[in-house]
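**Student:** Residue numbers (the working numbering), protein chains in the order written: chain A, 1 to 96; chain B, 1 to 96; chain C, 1 to 96.
None of these hints come from the bench; they were simulated from the model.
So, partial list: chain B residues that the calculated Cβ filter (under 10 Å) puts toward chain A:
1) Met6
2) Gly36
3) Asp37
From a predicted model like this one, the values you see are computed outputs, not experimental measurements.
Even for Gly, the Cβ is constructed at its ideal location relative to N, Cα and C.
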Amino acid sequence: MTAKPMTLLVIVTEAVLEDILIDEITELGAHGYTIGDGRGRGTHGTRAGRWTQGGNIRIEVVGSTQLCARIVARLKEAYENNYGLLMYTAPIELQN
Amino acid sequence: MTAKPMTLLVIVTEAVLEDILIDEITELGAHGYTIGDGRGRGTHGTRAGRWTQGGNIRIEVVGSTQLCARIVARLKEAYENNYGLLMYTAPIELQN
Amino acid sequence: MTAKPMTLLVIVTEAVLEDILIDEITELGAHGYTIGDGRGRGTHGTRAGRWTQGGNIRIEVVGSTQLCARIVARLKEAYENNYGLLMYTAPIELQN
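The shape of chain A in the complex, shown without the other chains (with noise of 0.2 Å):
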């Protein structure tokens, strides 16, 4: 394997905002994504507590460091007052 390091980032939001962050995640630079439907409860963001619904996103993205603290920056500072979520990293072996 010609493996390269790489970080993952895991984004599981609310539904309703699909379109506008794959507009986000694409502008700040990122190849590609990767959109599973997901249900669920969570505590992040402002409805803290009171995110329990249905209609929930999970988005994968595989990139740089740098280009997933631009995400995370973005995300945050944009989403994390008026919606449910939830960012996470992990470092990966990209196999392609």
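Starting from the known structure of chain A, arrange chains B and C on it as the hints suggest.
**Tutor:** Chains B and C in isolation, oriented as in the chain A frame:
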């Protein structure tokens, strides 16, 4: 980024367990979870080798190592003997 | 927890490949896999930059480093030239 080291717990199991596992996880102290639908095959649990079906779910919990250990211990004790069940953990950085 | 260090392999590709990839993965020795539906955009594979569609799948395999390397090598060889394909690995702790 003001990242906080946490543990990601992923649980892959049968969809019929969704409601009861939400109760278990919440009672054990999880503040949030994300559930997605899946399909697949697995060899964990007593149904080893015969766990071939759609109707799986994939649950993600982000929490402390201790919380994840409690959930793992409880689910193994209560469900592993009768249901397909795969659980894994990984260190992640919570970003908000 | 009696955790066992293993490798997680995530494969994001086109939904049309689902049946054939299940056969490939199983023949290479995977004991299980989980598949979820997704949508997104990517730049891997020959369709780079034009891999913009719904109809993606996200496959997770938990196995040995060697198994994951075999799957990666085989899928790169057979599918990367003609399909959108993104693969990454990460170390995880199998919990049961």
